[in-house]
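Protein sequence lines, in the order shown, are assigned to chains Z and H. The opening position of the first sequence corresponds to residue 1 in the numbering used here, with each subsequent residue numbered one higher. The opening position of the second sequence corresponds to residue 1 in the numbering used here, with each subsequent residue numbered one higher.
Treat the hints as calculated values from the structure; they're not laboratory data. You may find that some hints are simply not true.
Since the list can't tell identical chains apart, any single copy or any two copies may satisfy a pair.
[Unchecked claim] Capping the alpha-carbon separation at 30 Å, the derived lysine-lysine pairs in BS3-like fashion look like this:
| id | residue 1 | residue 2 |
| --- | --- | --- |
| 1 | K288 | K47 |
| 2 | K254 | K288 |
| 3 | K313 | K47 |
| 4 | K47 | K293 |
| 5 | K188 | K111 |
| 6 | K356 | K47 |
| 7 | K254 | K118 |
| 8 | K143 | K288 |
| 9 | K136 | K188 |
| 10 | K254 | K313 |
Number of protein chains: 2
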Amino acid sequence: MSSNQRIYNFNAGPAALPLPVLETIQKEFLNFAGSGMSITEISHRSKWFDDVINDAVLRVKRILKLDDRYHVLFIQGGASMQFCMIPMNLLGSGDTADYVNTGTWSTKAIKEAQSQGKTITVVASSEDKNFSYIPKSINFDPKAVYAHITSNNTIKGTQWADFPDTGGVPLVADMSSDIFSRPFDVNKFGLIYAGTQKNMGPAGVCMVIIRDDLLARTPKDIPTMLRYTTFSESNSMYNTPPCFTIYTIQLVLKWLEETIGGLGKMAEINREKGELLYGFMDQSGFYKGTAEKDSRSLMNVTFRLPSEDLEKKFVAEATANGLGGLKGHRSVGGCRASIYNPTSLEAVTALVNFMKEFEKKNS
Amino acid sequence: MSSNQRIYNFNAGPAALPLPVLETIQKEFLNFAGSGMSITEISHRSKWFDDVINDAVLRVKRILKLDDRYHVLFIQGGASMQFCMIPMNLLGSGDTADYVNTGTWSTKAIKEAQSQGKTITVVASSEDKNFSYIPKSINFDPKAVYAHITSNNTIKGTQWADFPDTGGVPLVADMSSDIFSRPFDVNKFGLIYAGTQKNMGPAGVCMVIIRDDLLARTPKDIPTMLRYTTFSESNSMYNTPPCFTIYTIQLVLKWLEETIGGLGKMAEINREKGELLYGFMDQSGFYKGTAEKDSRSLMNVTFRLPSEDLEKKFVAEATANGLGGLKGHRSVGGCRASIYNPTSLEAVTALVNFMKEFEKKNS
């Protein structure tokens, strides 16, 4: 690979972005929309930025078919900040919430709720099998204020194929790593949050979609910057928002709607990518997926090779061949190919071809 | 102005950035440092990003002459989040702090501390004269944990010419709008914070410089993302940081050191810009500065014209002539020229020439 070529990027996040989006940013970087300023230099109180954030919000609402009960907010601090804000805003004295533990991020969400002294119940966990599956037939407490799940588990490579029946309790979901990857019925959800650095844009903001009934629970006596109403009442501009990140999100959503053709089409492409990669792995005795088949993620494909030495060699040779980001998370080892929306079928095909070659040479 | 020209940008924040910095970002936007990825696509756990954040931190330490007691952190949420985090981290039960009220942002900082039930004292205020001056001869409580000031008041156009003598109580300062504009003795300060969207880069992060003695006060029982130690123990990478913003900050600091020639030289240029603009206003009977002379800001020059109609006309004609962002803050009206580090002497000269012409035609 020469130094002026772009690689196939399988990073888990920050991750690949659509090339046409990057090219648009590059092209208009010194002069945004004829303003004579860079997008990084315009006032967030200007018509230029209003158009950007309003279009981003509108596209989110259209893509996910949100009705007027839902508010789309952009809040700094990543999903980790939401682990703290959700119980702080939604659980008053005497309230309880259910949590399902499906991996590292769920575990952190649970800890942050508990450390505030909130009453929560872990109603199901897949920790018994190293988080390699999504629990089934869960009994949710009908009196819980919400039921928290992590829709896709970036580190363990599992994903909820269907969302659980909570008997009417609003779902609260961390969708950081699979938002906008497939259509789903949003009406089950009271709150959805997603750090943007996987399927939506660069790092630096978390999108929060919150429904009226949960928004109404926000107390007035918590700090201003930790209250959902601060953001819902100001179109996410109580103070200066991360303008560049929101602008990039807008461009990615435009690409999703206008170039890809919407969420249905995106889901088809993602299914095709997953079938190609998992299909190849399943017929190979060399690569072994770590997630149980019915819990496999279409976003993060985690796998092992026959030895750790071979895994090291695999990652190094892949990198040398222009296939980047294939090392597993530092907490679990192994290999991982993150194939979010912007990662093309072409990239996955290149990966599978490399895997075939590598297997041939090393088995 | 043709649509492909850049304007002279006097926005209060987000604000002008140095053109060479924008050009560098544009040039390497599709392929950062030969990585084959955009800076928005690289992992924050990569050597590429380590080099970026470590260089940014090193430059901050060198420019401000920080010794090893000081930690440089990047935290999301803007200065507004610090209004809440500072008392939450530094004030335990029985502790008190002093606040000086010099305008809108100080007022917000005071409110956020009070709303947490912390014991603070407003030891001085310039509210009696519409915040048009910086209070002098303040009596600070020697038992206070810290004394909070706002070093530059973006909206009212005032700035501390010299920092107050607190008798050893650590100063905590919101330097959002004048950080890196002039040299100062950092040893008086226990904590300095600055939203980056004025003198440092795009919006999306707040730089916090905290000294060991104040860092040691951070309690363990507050949420993870609100504890300073979470950031000091992880080089600001407990979770994914806003990579693009930190990268731009690094480039702006490099420009400050290598193109401008350091903080001393920057202060000279800023003084020259201020003398040109204030000097012109002082000999004109048409434009009237709103801040008292000894409290004038070298970053935000606030002024009025003989009537509101003339102010509207002034802003409109200036905009048409490629001079943007001259409208005063929506809360106070009038006019304001923000002339942060990246705004060149050439831009200020163009502004003064326009002001002369406008005065001639309209008086």
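Hints, one by one, checked against the model:
1. Taking the shortest Cα distances, K288 and K47 sit within 30 Å of each other only across copies (29 Å), while inside one copy they are farther apart (53 Å).
2. Taking the shortest Cα distances, K254 and K288 never come within 30 Å of each other, neither inside one copy (37 Å) nor across copies (47 Å).
3. Taking the closest pair of Cα atoms, K313 and K47 come within 30 Å of each other only across two copies (19 Å); inside a single copy the shortest separation is 52 Å, beyond that limit.
4. In this assembly of identical chains, K47 and K293 lie within 30 Å of each other by CA distance neither inside one copy nor across copies; the values are 49 Å within and 34 Å between.
5. Taking the closest pair of Cα atoms, K188 and K111 come within 30 Å of each other only inside a single copy of the chain (24 Å); across copies the shortest separation is 38 Å, beyond that limit.
6. Taking the shortest Cα distances, K356 and K47 sit within 30 Å of each other only across copies (29 Å), while inside one copy they are farther apart (52 Å).
7. With identical chains, the CA atoms of K254 and K118 are never at most 30 Å apart, being 40 Å at best within one copy and 46 Å at best between copies.
8. For the homomeric pair K143 and K288, neither the shortest alpha-carbon distance inside one copy (42 Å) nor that between copies (63 Å) is at most 30 Å.
9. Taking the closest pair of Cα atoms, K136 and K188 come within 30 Å of each other only inside a single copy of the chain (17 Å); across copies the shortest separation is 59 Å, beyond that limit.
10. For the homomeric pair K254 and K313, neither the shortest alpha-carbon distance inside one copy (39 Å) nor that between copies (37 Å) is at most 30 Å.
The earlier numbered hints that this structure contradicts are 2, 4, 7, 8 and 10.
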